[in-house]
Each structure stands twice: as structure tokens, then as C-alpha cells.
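S.K.: Protein chains in written order, with this note's numbering: chain W, 98 to 396; chain C, 502 to 985.
In short, the hints are calculated from the structure, not lab data.
Owing to the predicted nature of the structure, the values given are computational and were not obtained by experimental measurement.
Treat the hints with care, since some could be wrong.
Only pairs whose alpha carbons sit at most 27 Å apart, straight line, appear in this in silico DSS-like list of lysine-lysine [unchecked claim]: (1) W:Lys243 x C:Lys721; (2) W:Lys211 x W:Lys372; (3) W:Lys228 x C:Lys975; (4) C:Lys766 x W:Lys243; (5) W:Lys339 x C:Lys975.
Negatives, chain C to chain W, calculated, CB over 10 Å [to be verified]: (6) Ser608; (7) Asp624; (8) Ala824; (9) Pro896; (10) His917; (11) Lys926.
Ideal Cβ positions, reconstructed from N, Cα and C, are used throughout, including at glycine.
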Amino acid sequence: MPDQTIVAGENKLPNPAVAGAGKEQGPNGERYFVRFTLLQRYMHAIMFSTFLGLAATGLTIRFSTNAWAQHFALAIGGFGAILFIHKLCAVTLTLEFLYHVKDIAARILIRKEKGILWGPSSMVLNLKDLKDLIGNFKWFFGLGPKPEIERYAYWEKFDYWAVFWGMVIIGFSGYVMWFGPFFGRFLPGWALNAVQIVHGEEALLAITFIFSIHFVNSHLRPDCFPMDTTIFTGVVSEEEFKERHAQEYERLASQGKLDEKLTTKPPTWLLNFSKVVGFTAVFIGLVLLVLAVSAYFRE
Amino acid sequence: MYPSGKYRRDWAQFFLSYSKKPARLFIPGTSTASAIPPIVLTANYLTGQGSTLPSTGNSGARSAAACLSRLPIAAAGFLLRYGKRKRENPAAANSISNWRWLAAVFSALVLLLVPCALRAQTDCLSCHGDVTMQDASGHIVGVDAPTFHSSVHGSLDCKACHTSITAYPHPDQPQAVKCASCHTDEAAALIGSVHGDAAEHPCTSCHGNAHAILPKNNPKSAVYPLNIPATCGKCHGDAAMAKRHNLSNVYPLYTDSIHGYAVSKEGLLVAANCESCHGSHHILSHTNPLSPTYRTDVPDTCGKCHGGILTQYMAGIHGQAMASGNLKAPVCTDCHTAHAISRPTMAQSTPVCGSCHQAQLSTYRDTFHSQVSSLGSYVEVARCSDCHGEHEILPASDPRSPVNPANLVKTCGRCHQGANAGFVKYEPHANPHNRRLFPVLYYIRLFMVLLISGVMTFFLLHTLLWLMRSLVEKANNRSAKGEK
Chain W
98 MPDQTIVAGE NKLPNPAVAG AGKEQGPNGE RYFVRFTLLQ RYMHAIMFST FLGLAATGLT
158 IRFSTNAWAQ HFALAIGGFG AILFIHKLCA VTLTLEFLYH VKDIAARILI RKEKGILWGP
218 SSMVLNLKDL KDLIGNFKWF FGLGPKPEIE RYAYWEKFDY WAVFWGMVII GFSGYVMWFG
278 PFFGRFLPGW ALNAVQIVHG EEALLAITFI FSIHFVNSHL RPDCFPMDTT IFTGVVSEEE
338 FKERHAQEYE RLASQGKLDE KLTTKPPTWL LNFSKVVGFT AVFIGLVLLV LAVSAYFRE
Chain C
502 MYPSGKYRRD WAQFFLSYSK KPARLFIPGT STASAIPPIV LTANYLTGQG STLPSTGNSG
562 ARSAAACLSR LPIAAAGFLL RYGKRKRENP AAANSISNWR WLAAVFSALV LLLVPCALRA
622 QTDCLSCHGD VTMQDASGHI VGVDAPTFHS SVHGSLDCKA CHTSITAYPH PDQPQAVKCA
682 SCHTDEAAAL IGSVHGDAAE HPCTSCHGNA HAILPKNNPK SAVYPLNIPA TCGKCHGDAA
742 MAKRHNLSNV YPLYTDSIHG YAVSKEGLLV AANCESCHGS HHILSHTNPL SPTYRTDVPD
802 TCGKCHGGIL TQYMAGIHGQ AMASGNLKAP VCTDCHTAHA ISRPTMAQST PVCGSCHQAQ
862 LSTYRDTFHS QVSSLGSYVE VARCSDCHGE HEILPASDPR SPVNPANLVK TCGRCHQGAN
922 AGFVKYEPHA NPHNRRLFPV LYYIRLFMVL LISGVMTFFL LHTLLWLMRS LVEKANNRSA
982 KGEK
């Protein structure tokens, strides 16, 4: 993932983040820090909207014998419309995925950035993640302190890699189905059957995971209920920063880089907009989750 | 003098006894016309009906009154013409041979005798001609004379049917009319049929008012092909009646079917009406092996009209199974239904085929083909018949079958442009639950299911514990603040 020290300047919010320390403060003297760049926020927005589109149309196709699926298909224009939306979202998400891969590759190979593949702010799993996992389970049972998390927690890394490999697997299997005769020239006969199973089951995993685990872990936890809007505004308060990514906060403070991330409190319209978007996505997701799970167990 | 119905019938049977056709199958313009005795033809000429050769002897006397009015006119005309000729050209008149004189005398005799022949009918109608006439128990016993005279029985003596009345005054309660005394074949056919109970199903229940019965080819007849559905529907369109006799109420299904529309909207005489499949007088339950609607007879019954389809069906695996005595083999009505005549190839063929081929339907349901068809066919998509054919369904081992391995590229290629040998190795009825037949798919699916359940179990547990811990922490913080 992009290193904040490099890309913070790309943040196009009304954001004088380059300004000096302590200049911008909240009403209670609270300070705010950049967590996600504008690009990352847009990437997330494109991803979750296409994902909702893919999930809604994909579940309709997967559970096509259900009455809700047939009514939904009828309402938006039959199977042709369902498949068109599905493919449109798929192509958009594929382009985003390719852009992300290109971005990462360029930063590793061309700009020679450090800390992308390893290091404290990397997305790659490391030993600390295992320690955090064990520590967290101890904490759940009251057997130890809450582990101090670096820039990305292990569950956030899991989200990232689940989506990353999910896109590879679901995307590839989807294109095999889309261009069956073409892939039929290289792939064995059973592969055409296999891709359908893999596509459907992996997508079902993604849907159930995102609409239950990711929603709760990243947006609806008690300590940030009703909605963690960080990914929409890109900004965390100092208190949230210390609480959720204590080790990153300490590392940046000790390196003297904390002030580089200082920014203003997000404007009220952005906070409200974030909540509307967030709750809409959560609502659609939960409806789809209920439909998918109930249909799955009725099969 | 004028031929009675009975007389004509005997003539007809005399002629027909040389042919295999039963006497009741009078068909216009066919060989049965030869069964009409010459005297009827004469009568037809006299009634002005010579050009429209009557279908049967029966209609030769369609109008006895009209006939009578012409006989004396014809005779008088001849005499007048002869007198005129003799005055103008005595030589030519003399050349007229004597037989013409005989004909004139014959006509004069007819003129005198016919009124005697009709005397009896006229006598009855002098009372019963009042259409409002009622007997002691309130039954209408009046007869509308013009209607009766134009009916198929219009030339008969009343006594021909009302045999118990021989003199006037007659008894108040004459014996019931027995149609069977003349219509012996029909009466014999009715015995043992579903309408065999004469008390519940008198002839008039289908043929209508006994004094107004018209020949079958008359468009106003109750048993004219286009009127048969409505005639049968008088009883069979009644849901209560259907329930009472434990029948399904099929009349509305028929009227809305392609057959029903062909009759009611298009007026097609060749379209199937009730009689086409069930017969007329000897209707048997479809559970009776002698019935044309019995399972094994259905293909032949439908094939009477749909001959080409019958040939295809009999060549296919379904027809072969049926012919070999397999009562479970599908016949026409299993897929198309008997009365509604659905078109399973159009909309929902899959449940129809799947009602027998359940395993294949289940695996079809897993495919993209099924998903498309379930969500409305904005896109054309393969259903059972698109790959397997319709009436001439052959096993995949048959080289002629569209699903024979050698034909798959062509069959799949009808929709999938660029279909090739690799592509058609796709197994459209794969079952990933079947480890023996599809081991690779079985383990792929098993892996995916384990992956889903593993990931979800771990993270649900993780999230649940996290939530509980967060709530505990919150409660601790609150109590800690409270103590301060």
C-alpha cells in the first residue's frame, strides 16, 4: 500500500496537511491525521460500488430459482440487464485491479520505494501479525493487554489479501466463462466446469465475509459505532490514531514524522456524506447477506 | 308416396352394406352420395335442391312443404306447355312420345296422394302446433312447426317416433320416445360409454331439442364441429359438475388452448374439438385401454392430425419406449398436457422434462443455462430441447443425436460461436456432489466449501469475542469513572 510519507501530498481535500504542527486543531484542541490518500479513498469507493453491483447481480444469477432473484431481474430488465451490469462492474473492477498492480509494481521496481513488501507499514503478513493475533485472543479472554497495532492490523491485511486473491480467482474464472470457446482451446474440459464452481463459491465467500466480518470489524465495531468513516474522509483523530494504531503512532512520533500527517478536521458535509454512503452500502450489503445465506442453506 | 326417413335409411343401408363404412358416417360429397335412392334425388330436384346434392338421404326431404308446392306446379307446367305446343305446331306435338303422357298422369296422381301422406302430421300439429301447449304436469308439448319441418326429422310422421300414439284421443302419458329404434348403431355405441346412462344423458343433452335436430354438417347443429366444444361445455364447463363426477375441470383449459382458439377464433373445421380425440357416442375413460385417450393410444390419436410429429416421436427414444410397452414413457399429453396444449419448448420446458429426468434437471439447475432461463429469457438460452431435440429424442450413443460427441461442436456452436473440441468437453450435467463420476469437481467443491466454512467460522468467532470484549471494556470504563 502507498506509503503515507510519499503520497500524503496527493490528498486533494481542503487540506493544508503540509502545514506545520499544531496549526489545525479540532474544537477541543484535538489534532487530526491523514490515514488514507484521496486515491486510496477513490479506489475503495470504486471497489465497493462495483462489488455491490457484482454481488447483487451475481447472487441473482447464483440463486436464480428464488422468487426475490426473479423479481429483481424482472425489475431491472431481465437477464440481459443483470449480465450487462455484472460484466460492466467486473470490467471496471478489473481495470482498478490492474491499475493497483501496476501502481505497486512501479513503486517497487521503478521508484524503488522501501517498506512496501516488508517493514512496519507493509501489507505483507509478518511475525508481528501472528503475535497480534495471539495477543488479541488473549485480550478477548482477559488474559493480557490489548496488542498495539502497527499501520495495518492483521485483519485489515486479511481483508486486503482476501480481496486481492479473490479478484484474481473470481476474475479469471469469470473471464473463462465469458470467453468459453477461447479458453476451451487451452484448458482441459473439466476446467470449464471447475471455473463455475470456483467463481460461485469464492464469490459467496467474499460476499459473506465482506458483508459480515469486514462491515463489523472496520465500520461497526462498538468503539467506532455507528460508522467508522476513516476510509471515506481519509482522516483519523489523534485519539483514534493512538487507540487503533498505537505502534504506528509511536513509531512516527519517535521518527518525528507525525507532523507530516497532520491535517484538518474533515468538513461536516464530508462526514455526513460519508455516513450516508457508508450506511447505504451497509444496508445493501446486509440485505444481500441475508438473501444469500438463507438461499444458500435452502439449496 | 313421399319417401319416409325410415325408407330412405333402408335404402342407404342397402347401398352401404357393400362398403366397410358404418352407415352413420355420412360425409358430404363422398361415396355415400351413391346411397341416396333415386326417388330422393327426384324430390331434391323438385324442391330446388338438386344443385346442392344433399349429404345424406335425410336432408333430401328438408322441406316437405316446399316439395309439395312444386309437384303440382311442375305437372301443371308440363300440361300447359304441351297444350301450347300442340296449338302452335300440331306436327311437332304429335312427335311427343307417349311416356310423357304417363309422366303427366303420374304427377297428377302425386298431386292427389301427397296430402294424404302428410295427413297424420298435420293432424297432430293442429293441436301441438301451439308452441305454448303444456301437458298436465306442465311440460311443453307444443312443437314449432316450421322449425320441425326444416329439421332432419321434418319429413317423418309424428308416429314414427311417438310410437305409442296410434289414435286420437291419445293417452295423457305416452311412452318415451326411443331414438334407438332407428339409430341402432349410435345406441349400441353408447352402451358402456361414460354417457351410457340414458336417464342422465338422453340423446337430446347433446343433440338438443328433439324437434329441431339438424344434420351434423349444418353450421347451426349442436354437433357441428365448431359447436361441439360449446355443446360438451354445457356440462363439462360446469366446475360443480366436474367436481361431482371427480373430473378435472378441463373445459376452460381447452377453450384457451391453441385447439380451442383454432375452433372459436379461426373457425377451423380441421382443428381438434372434443370429438376429435374422445369420439362421439362411444366415449371411454382415459383409463380404459380401448379409449383413444388411453396412454398408449394417445400418440395415434394426436397423430391423426399431427402425422409428421407422430413419425418423429415414434423414431425417438420416448416413442420406442412407449411402443415396447413401457407405460412410464411419455406420450404427447405428458409434455403438452391434454387440454391446455402447452408448448414446453417455448417457456418452461425444464420442469416438464425434469418431472421424469430429475437428476438431469438438478444438474441443469447448476448451470448458467438454467440461471439465464430462470431470470427471464431476454437472452436466448439452451433448454432441454435445444440440445436434445424435441420429438425425435435419441440417446447420446446414437450418431444421429445432437448430443452425440461427434455432433457436439455443431450443436453447441449453434449458440456459442467458435465452439471447438476443447470447449465442448464442458459437461453440462456435471454433478460436483458425485465423487465417483466427477472426482475433480468433487474435490474442488469440497475445498471451496471447507474454505468458506473455515474462514467464516474463524472470523465469526474472532468478531464475536471482540464484540464481547469491547462491551466488557466499556462497562469496566464506565464503572471506573463511576468510582472516581
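S.K.: All hints are to be evaluated individually against the structure, with a verdict given for each.
M.R.: Hints and how they fare:
1. W:Lys243 x C:Lys721: Violated, at about 96 Å.
2. W:Lys211 x W:Lys372: violated, 35 Å
3. W:Lys228 x C:Lys975: holds, 24 Å
4. C:Lys766 x W:Lys243: Since the Cα atoms of Lys766 (chain C) and Lys243 (chain W) sit roughly 82 Å apart, the hinted pair is violated (cutoff 27 Å).
5. W:Lys339 x C:Lys975: holds, 17 Å
6. Ser608: holds, 80 Å
7. Asp624: Since the minimum Cβ distance to chain W is about 74 Å, Asp624 (chain C) lies beyond 10 Å and the statement holds.
8. Ala824: holds, 36 Å
9. Pro896: Pro896 (chain C) is indeed farther than 10 Å from all Cβ atoms of chain W, at 21 Å.
10. His917: Incorrect as stated: the minimum Cβ-Cβ distance to chain W is 5 Å, not above 10 Å.
11. Lys926: Non-interface label on Lys926 (chain C) violated, nearest chain W Cβ at 2 Å vs cutoff 10 Å.
Checked against the numbered hints given earlier, the structure breaks hints 1, 2, 4, 10, 11 and satisfies all the rest.
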